[in-house]
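Residue numbers (this note's numbering): 4 to 344.
If you are wondering where the hints come from, they were derived from the structure by calculation, not from laboratory data. Bear in mind that the values here come from a model prediction, so they are computed numbers and not experimental data. Idealized CB from N, CA, C, for every residue including glycine. Keep in mind that the hints are not guaranteed to be accurate.
[What the hints assert, rightly or not] Label pairs and their in silico Cβ distance ranges:
1. Lys176 <-> Thr262: 38 to 46 Å
2. Thr248 <-> Gln154: 52 to 60 Å
3. Pro261 <-> Ala115: 29 to 37 Å
4. Glu123 <-> Leu228: 33 to 41 Å
5. Ala188 <-> Ser119: 24 to 32 Å
6. Arg118 <-> Gly300: 42 to 50 Å
7. Ala89 <-> Phe304: 44 to 52 Å
8. Pro305 <-> Ser119: 27 to 35 Å
9. Ala220 <-> Gln315: 19 to 27 Å
10. Arg254 <-> Thr157: 44 to 52 Å
11. Gln154 <-> Glu123: 29 to 37 Å
12. Glu105 <-> Ala260: 36 to 44 Å
13. Gly127 <-> Glu87: 24 to 32 Å
[As the list claims (entries may be wrong)] As a list, the in silico SDA-like pairs of lysine to any residue whose alpha-carbon atoms are at most 25 Å apart:
14. Lys287 <-> Asp190
15. Lys49 <-> Gln102
16. Lys283 <-> Pro335
17. Lys179 <-> Asp190
18. Lys49 <-> Ser227
19. Lys287 <-> Gln102
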Amino acid sequence: MPCTITLRPREPPPSILVSHLSSRSGSKRLHSLTRHSRNRRRPQVKIGVLGTGLMGAPMALRLMSSGHKVWVYNRTPARLKPLELAGATVCRTPLDLVQSVEAIVVMVTNGAAVRSLFTEMGAGDRPSPLSDRTIIQMSTIAPDESQTLSQIITQAGGTYLEAPVLGSIPEAKNGKLIVMVGASAEDYERWQPLLNCLGDTLYHLGPVGSAATLKLAMNQLIGSLTTAFAQSLGLVQAAGLNADTFMAVVRQSALYAPTFDKKLHRMQTRQFTDPNFPAKHLLKDMELFVAAAESAGLAAFPAESVRQLVEQTVAAGFADDDYAALFNIVSPQPQPGQPPD
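Take the sequences, apply the hints, and build the full model.
Here it is as C-alpha cells:
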C-alpha cells in the first residue's frame with residue numbers, strides 16, 4: 004500500500020504521511036493524518052510517456068493497468084510495439100504526444116536527451132504546446148539541469164515536477180518504486196495520486212533540484228557499495244575461502260546491504276547480460292555526482308575512483324551489461340591456460 008512522506012526544509016521536523024494502516028500501536032493517529040490521500044479516488048488521466056526503455060516501458064504498462072489512458076513515444080519505434088499491443092497509443096513525434104495528453108512522464112537517458120525532447124515538444128514556441136501541460140521529469144539528471152528545465156516549462160506556461168526513482172524493472176512493473184519529488188507543495192498534492200500508481204513510497208523533498216540531488220546521492224551509493232562488495236568478494240575468492248561462509252558473516256553483520264545478494268550470483272557466474280541498470284548509465288550518474296560534490300566543496304576523490312572503475316568497465320565492452328560487470332575489472336578472469344595470480 005502506498006506510503007507518502009513529506010519533507011519540508013527549514014521547518015520543524017517533517018510530518019510523515021503514511022497512506023496505509025499499520026497494525027502496530029499508534030496506527031490510528033497515522034491514519035487520521037492521511038485518510039484523505041489513501042481514500043482519494045485516482046481520476047483517469049491522459050498521460051504521455053516519453054522514453055520506453057528498461058524503465059519507461061514497465062512504467063507505461065503500470066499506468067495503463069491503473070486505469071489511465073497512455074500515449075507513448077520512443078526514438079526506437081520497435082520498442083513501442085508491445086505497448087501498442089497492450090493498449091497504448093503510439094505517437095510519431097513528441098509534439099503529437101503533447102497535443103494528446105494532460106501530463107507527460109519523461110524517462111530517458113540523460114539531460115541532453117530531455118532537452119532535445121523539450122525542444123521537439125515546442126517548449127520554446129510562443130504560444131507553446133506545453134501551455135497547461137504538466138511535465139513529470141523522472142530521468143536522472145543534474146540538479147541545475149532540472150532547475151533550468153523547470154524554468155523553461157514555467158515560461159512556456161506549463162508545470163514541472165522532478166520525480167526520479169529508486170528501484171528497477173520489477174518495482175516499476177508492480178508500482179513499488181520509491182519516488183523522490185521536487186516540486187511546489189501545490190503541484191505535489193495535485194499529482195500525488197498519479198505518482199502513487201508508480202511508487203508505493205513518495206518523498207516530497209522540497210523545491211525542484213532537491214530530489215535530483217538526493218537521487219545522485221543514492222546512485223553514488225549504488226556504485227560505491229557494489230565496488231566495495233566486488234573487492235571483498237574478489238579477495239575471498241582469490242584466497243580460496245568459502246563464499247557462502249563470507250556471505251553468512253556479512254548477512255549477520257551491520258555491514259550487510261541487500262544489493263550484495265542481488266549482485267552475488269552475477270559476480271560468481273560472471274553473467275552480466277539482461278541488465279536491470281546498464282554500466283553506461285551508472286557511469287553517467289557517477290560523473291554527475293562527482294561534479295555535484297565538487298561544486299558543493301566536498302572531497303570527491305572517493306567517488307572519482309568509483310567513476311574511473313565504472314569507466315574502465317564500459318571501455319572493456321560492458322557498457323550495455325549490468326553494472327555488476329565492474330567485478331570483471333576488480334577481479335579479472337584468468338584467460339584459458341593462464342594460471343590465476
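CB-CB spacing for Phe304 and Ala89 relative to the 44 to 52 Å hint: Between Ala89 and Phe304, where Cβ atoms are some 47 Å apart, the hint holds.
Hinted pair Lys179 and Asp190, Cα distance within 25 Å: Satisfied, since the Cα-Cα distance of roughly 22 Å is no more than 25 Å.
Range hint compliance [Cβ, Lys176 to Thr262, 38 to 46 Å]: With Cβ atoms ~19 Å apart, the hint is violated.
Pairwise hint evaluation, Gln102 against Lys49, where the allowed Cα distance is 25 Å at most: Answer holds: Lys49 to Gln102 is near 11 Å, not above 25 Å.
Straight-line alpha-carbon gap Lys287 to Gln102, limit 25 Å: violated (32 Å)
Outcome for the supplied range 44 to 52 Å, where the beta carbon pair is Arg254 and Thr157: holds (48 Å)
Supplied distance hint 33 to 41 Å, evaluated on CB atoms of Glu123 and Leu228: holds (37 Å)
Verdict for Arg118, Gly300 (Cβ pair) under range 42 to 50 Å: Distance hint for Arg118, Gly300 is violated at roughly 27 Å.
24 to 32 Å as the expected CB spacing between Ser119 and Ala188, which holds or is violated: For Ala188 and Ser119 the Cβ distance comes to about 30 Å; the hint holds.
CB-CB spacing for Gln154 and Thr248 relative to the 52 to 60 Å hint: Holds - the Cβ-Cβ distance for Thr248 and Gln154, about 55 Å, lies within 52 to 60 Å.
Glu105 versus Ala260 beta-carbon gap, inside 36 to 44 Å or not: holds (39 Å)
Given pair status - Ser227, Lys49, alpha carbons within 25 Å: Not OK: Lys49 and Ser227 at ~39 Å, beyond 25 Å, violated.
Of the numbered hints listed earlier, those contradicted by the structure are 1, 6, 11, 14, 18, 19.
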